[in-house]
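Protein chains in written order, with UniProt numbering: chain G, 1 to 435; chain A, 1 to 435; chain H, 1 to 435; chain R, 1 to 435.
Warning: the hint list may mix true and false statements.
It does not matter which identical chain is used: a pair holds within one copy or between any two.
[Said to hold, decoys possible] The calculated lysine-lysine pairs, modelled on DSBU-like cross-linking and capped at a C-alpha distance of 35 Å, are:
1) Lys264 / Lys71
2) Lys269 / Lys379
3) Lys251 / Lys71
4) Lys18 / Lys433
5) Lys40 / Lys433
6) Lys251 / Lys379
7) Lys379 / Lys264
8) Lys269 / Lys40
9) Lys251 / Lys40
10) Lys379 / Lys71
11) Lys269 / Lys18
12) Lys18 / Lys251
13) Lys71 / Lys18
Hints are computed from structural coordinates only; laboratory data are not their basis.
As the structure is a computational prediction, the values presented were derived from the model and not from experiment.
So you can see what is in the structure, the chains are spelled out below.
Protein chains: 4
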Amino acid sequence: MSPIQDLTIETIDSIHTKEWLRAYQRVRAATDAICEPLHKEDYMVQSMPDVSPPKWHIAHVSWFFEAFILKPFHPSYQTLDPAYDYLFNSYYETHGTPFPRPERGMISRPTVDDVYRYRAHINQAMEELLNDPPQEHLQEILHRLELGLPHEQQHQELLFMDIKHILAQNPLCPVYRGDLVSAPAHEVGELGWHAYPAGVRQIGHDANDSRFAYDNEMGRHRQFIEAFQIADRPVTNGEFLTFMQAGGYDKPDYWLSDGWATVKAEGWKAPLYWVERDGVWHHYTLSGLVPVDVNAPVCHVSFYEADAYAQWAGARLPTEAEWEAVAQHVPLHGNFVEQGHLQPVAAAPGGSSEGPRQMFGDVWEWTGSAYRPYPGFRKLPGSLGEYNGKFMSGQMVLRGGCCATPEDHIRTTYRNFFPPHARCAFSGFRLAKES
Amino acid sequence: MSPIQDLTIETIDSIHTKEWLRAYQRVRAATDAICEPLHKEDYMVQSMPDVSPPKWHIAHVSWFFEAFILKPFHPSYQTLDPAYDYLFNSYYETHGTPFPRPERGMISRPTVDDVYRYRAHINQAMEELLNDPPQEHLQEILHRLELGLPHEQQHQELLFMDIKHILAQNPLCPVYRGDLVSAPAHEVGELGWHAYPAGVRQIGHDANDSRFAYDNEMGRHRQFIEAFQIADRPVTNGEFLTFMQAGGYDKPDYWLSDGWATVKAEGWKAPLYWVERDGVWHHYTLSGLVPVDVNAPVCHVSFYEADAYAQWAGARLPTEAEWEAVAQHVPLHGNFVEQGHLQPVAAAPGGSSEGPRQMFGDVWEWTGSAYRPYPGFRKLPGSLGEYNGKFMSGQMVLRGGCCATPEDHIRTTYRNFFPPHARCAFSGFRLAKES
Amino acid sequence: MSPIQDLTIETIDSIHTKEWLRAYQRVRAATDAICEPLHKEDYMVQSMPDVSPPKWHIAHVSWFFEAFILKPFHPSYQTLDPAYDYLFNSYYETHGTPFPRPERGMISRPTVDDVYRYRAHINQAMEELLNDPPQEHLQEILHRLELGLPHEQQHQELLFMDIKHILAQNPLCPVYRGDLVSAPAHEVGELGWHAYPAGVRQIGHDANDSRFAYDNEMGRHRQFIEAFQIADRPVTNGEFLTFMQAGGYDKPDYWLSDGWATVKAEGWKAPLYWVERDGVWHHYTLSGLVPVDVNAPVCHVSFYEADAYAQWAGARLPTEAEWEAVAQHVPLHGNFVEQGHLQPVAAAPGGSSEGPRQMFGDVWEWTGSAYRPYPGFRKLPGSLGEYNGKFMSGQMVLRGGCCATPEDHIRTTYRNFFPPHARCAFSGFRLAKES
Amino acid sequence: MSPIQDLTIETIDSIHTKEWLRAYQRVRAATDAICEPLHKEDYMVQSMPDVSPPKWHIAHVSWFFEAFILKPFHPSYQTLDPAYDYLFNSYYETHGTPFPRPERGMISRPTVDDVYRYRAHINQAMEELLNDPPQEHLQEILHRLELGLPHEQQHQELLFMDIKHILAQNPLCPVYRGDLVSAPAHEVGELGWHAYPAGVRQIGHDANDSRFAYDNEMGRHRQFIEAFQIADRPVTNGEFLTFMQAGGYDKPDYWLSDGWATVKAEGWKAPLYWVERDGVWHHYTLSGLVPVDVNAPVCHVSFYEADAYAQWAGARLPTEAEWEAVAQHVPLHGNFVEQGHLQPVAAAPGGSSEGPRQMFGDVWEWTGSAYRPYPGFRKLPGSLGEYNGKFMSGQMVLRGGCCATPEDHIRTTYRNFFPPHARCAFSGFRLAKES
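The following block holds chain G by itself, in its conformation from the complex:
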């Protein structure tokens, strides 16, 4: 069911290596499937500096295997074009000067066909390597593959985010896929709360757990958490509409100073992708422009909006330690990409003795915690050390995955992060408060 999580590199033998090859093939195929509905023109658009053209994504994830596995370890690897190392390096400054990010949409050659040829070239070389690996490097190869696969999964989610942003620029509101699974029609009901006592809790990935985790999750450590309550589900579109109708975007009272400045500078009046048509709020989704579902979790809000809503509601956002402490007792299921909605949906009715609903999937949940290193944090050696650590400034932690995340990509300890103004991710939030 969830082979990437289950794979470890404790036992290194040929059977095991074959499983890694199959995992590689499965992840690569998932990327291809995401791009299948695209026209070549869609592959080219960079709708803002933070968005990358889909063509760049599919080249970059291939480059990752080339730069960190094939070139160092494949005994006879031949690169297809030496310029690709420059064009498709994302941000590894210690690997060489990356091509400027805001100009990724300027590069029409290599074409989409060229990039798929590059992709096939990498796949063939990876298969060669994993079918006949140099034994003295096999452990390091698998270590890097263990990073390369979730890396590509992250770009799968980024592809959904960026495709959505790209198509949303178009006044024609094009449909990405017309065959997505419809949302269930649940009534979510009143917000409930779960209470937790004060105490020392452990969070972070355990060094004795052989399964993969990013460096930023490493260092299981103790945190003292004062008694708190957490909401039974995320805030819904309907609740957020009430905030909007109460003047939420018009009054500075609820907002962080930077948030209020952003509201005014950007003219925010609603979450990203929302638009009013004939008095009814719609939002752009990967199925096109549809009316907002008041029972579904609000999505595409920034940390600033989440925090302002919480202020208005007399609550706050949970810290990441609180969130993880709660999530440790909740089964890792939810509305992930495999559900085929590509949109958050209303929580199923009825609470749970296990804990709050929708902790996993649907929307990434903004926490009140700035993204900073755990005690004893050590970044990976070499250029891969740039993977996570250098972003530990100016960003907030989000937890739990979303409707565009592969289910086997997520862990209870998983730390996502975005700047507080970002709204492109499928990001929502859940309230917390003191007991």
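Assemble the complex: chain G is given as a structure, and chains A, H and R must be docked to it using the hints.
Below, chains A, H and R alone, put in the same frame as chain G:
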């Protein structure tokens, strides 16, 4: 040979209308030919706000016929998609809010195939209309066609400019066409001068001349021109290199104040597309990156650079009246798009009793004249009045056409214009001085 | 009455040199008088990059005499502080790197008192020099003085402009001087026109005229002017209000493209300094905030606004050649700084056989001519060559002086210039049209 | 010795209220003393948007008492000018629209003398009020005074920071005060470490402690701190020079991504105010430009620079919980404003059994903690709620006070905060590492 110039609308009959239809077909086919070497990905790039994606150009020139001819005059015209009127209006503010220019590269749908379908749709409707025109509107239809054809020719030149700029962003220096005609290997020799006496001269398009001219050329009028001399040919790459080696880009002495500020802000060290490789100056051309030909006219320089060179050389740029007075006696031949160089080339040796060499073709020549209305200027009625008149501020006049201009697009009275910092056009210059 | 204009350097003797000294003292005293109502705090403000703090102005005009006369020619001149040469150089790049213009307001030391000490130091040295000049340099000294005095007069007008802009930032609307002369209460009546036939006219400063003129006026030359008419007086506030009420600022039809972009970017709804209070248009003047006088010429409008009004009115702006040809027959009188209004006032009733009213004084009149060199233009040698020539790009010519100009500073041939978006000068306009 | 800290509002009687009045007078006099060396011109400069002109500071701190104490509680208070409420409101959006911060330097009136009159007016009214307070409001008055006094002390430190930044713009490097106390000539020696075991610690201001603390310190709560070590003293200029010489500013390896982008965008090569003269590093201080003291703590570095240094040194910054846990055992003494250095100085030799040296005073120490609310954080009611809470985004915590902080302003629990790129404060840092 040059049917667009020869066509007039004095006689309106069915034979004549057929000639217009053939001219329409010929101009449209020329646009298609320019785009033939492009990949779909090339069609999508907007390398800076002033550049439009080729896809937009080929849609916009079609829209022009739709908006100004088909919708008003075709009795049964059906639009393909009502959104196109918004997407492909360039700058006609009185026609409706145009789609924001800097975002033209954000729109992946309609695709390139869609846009060619739109193009075919317009062609078919235009043929229907011209094969069976409503007689009461025929004169107005031909008047607008008489504007629509040079309009598309202007976009043909813009396509060459924009394709060059787009491909030049790519560190791979892609070749647009590998089969362009090579430049002749002439030695241009020392610069010679032609002298003209003082006197009242007439410039501008004569109202009695039934051939087409833009509104901005209209109003033949008198100007008193003091005695002057004009150079026998444009300034060459070799001469411009001497200026560079003399510190031309390093000393404020020669520069207009705005020009010097631009040099510093943009870090200009050479003309656009020039790059030094192993001590040799190369420049990017539509044939790829090649060494600079010291005998060819310098190209892709701004008015500021032209003016600074002239200051350094103890000369000045000619006014547009001087230029036109000289050009009236020079045959309209030159290195136009039909020559197949798509690059300025060295002047043929030997001067001429007729006047200076290379007045037409090769490079647009910056004049010292700001682009302002002629006496009695009247803009066209309706939205077409925005065609030229509203740009008569902050721009300088260029004359004579270039290696990317169709020969039958140019007249002695033709006024091109660009802001003084612009370098994307195939723009060079010729010196003048007092007698 | 008008000694600066009457002074020449044809005869160089000690009596004559004494007159120059008296002229120097008179001009310098006028600068002091302008600053007399200022607080030290007013001297410090740089309300936008194009505005200089008054402290800077009064230091800079002193620096001009130091750099170009005292240091080269005073046999024993001692500078007060060597840093001043850097701090108070305006834009003479060939003299050394000028202190960055936008940071002039950052420099609190030297203090205002220090700068007045510098001023006194320069005055004393200039008096020493002119009382006992080195005969071999006297001609050059007087030549430079002949430039230095109008230079300081230009800064006197700039001081009025900048003081107005500085105080206008203040929501308290401070009064610069409470004792300015009130405007007369004339009714200007309907607009009349004066017609002129076509012909060759001479404009520019005659080389045989020994009186001073700037280099940019030099080169009396012939221009052919087609028949035209010019308005009897400038456009009034009342007429401009009609344009505003007709939606002048809301419709793109009348505007140059750059002008319309500026209107939208800046949110222009009225001339600079205008503000609506309880339904009545007021404007900030050096006497404070007062209701707009419908009979006075409209002021603080840009070229864009002048041109848009003319388009709306079915007219155009005169060229500078037309303006000068008309002005040659009009006596050089008007509402200059000596009248004590510091604000344009309504034209006196009744036309004139001599020509249009208010050609001189009241408001600088935007012409339709870009600021470009006259035939045979030669800039001054050395750093003084930067005085005028390097600004001959991107600017439009204004003529006739204004209510803040010293009367003896103006000539019929005088060419002022500003960018088309500028509104800080006392700038208005007069209509012209074809005959 | 430290009356502001010792004053509480537990006992409210007339003797006690008199003490408050004396504290008020003492704080206000300290502000006056800071400005005593300034010229009026110095009071006017806003050297960047984050810097306020000193005139604005001295008006704003007076406005604070007027807006929050005199207007609500003085029975007969008359405002001096109603416009001041708009001009001198800093950022209290719920109090009314504040005058735009970046334009504070545009306002020359009220003059410095006017503002001192305003200051005297407020002082007189405050004395009246405290000499004869309305008993029913006395507790609230004292509560607000208890906030108003440290508020003015914060602006005292801001005045030093802003005066330094203002004078540093001036190429003349003016001296603020020539009589500052010279630094001792200590050799600080090798860096030592203090180790602390893991455990639950309490931090934050205790609700039972009647002494004043800001809302952001409130909520004494438990934190689990893993075992760690902390440096015996801050990093010195000499150590930082070693980092610079090792290419610290040239290699991306050590930097956070945002930090590296800032280094490149701003061209950072050294701490703020450092300049190399003839191969020797100097820095601008309030005593003028002096050579850097290698034994003194490095100062005017951003969080990015502190973090990069720590990465390079194989260490990290302490969290604020670690810092506070250590500081709880260190006497609150140090190089504060009362020492008269106005510059950090070398640590006295010899360590201490009590704990690390220089925890208080000298430099604010960047911690590795983002500035976020403590558990149960409640902002103050009304507009005063904007005092601290709305800045809890995008900023890092600094601890311990500096050489420009009044000693009785600081507490062990005191949380200062600045954005990670800020360098204007007297900010340095101390290393920590795992045990």
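How the hints compare with the structure:
1. Lys264 / Lys71: Intra 49 Å, inter 30 Å, cutoff 35 Å: inter-copy only.
2. Lys269 / Lys379: between (40 Å within a copy, 26 Å between copies)
3. Lys251 / Lys71: between (56 Å within a copy, 24 Å between copies)
4. Lys18 / Lys433: Cα proximity of Lys18 and Lys433: none, with 49 Å in one copy and 42 Å across.
5. Lys40 / Lys433: neither (48 Å within a copy, 51 Å between copies)
6. Lys251 / Lys379: For Lys251 and Lys379, the Cα distance is within 35 Å only across copies (17 Å; inside one copy 42 Å).
7. Lys379 / Lys264: between (38 Å within a copy, 23 Å between copies)
8. Lys269 / Lys40: within (34 Å within a copy, 37 Å between copies)
9. Lys251 / Lys40: neither (44 Å within a copy, 38 Å between copies)
10. Lys379 / Lys71: within (22 Å within a copy, 56 Å between copies)
11. Lys269 / Lys18: Neither, since 52 Å and 51 Å both go past 35 Å.
12. Lys18 / Lys251: neither (59 Å within a copy, 40 Å between copies)
13. Lys71 / Lys18: So Lys71 and Lys18 pass the 35 Å test inside one copy only (21 Å; across, 64 Å).
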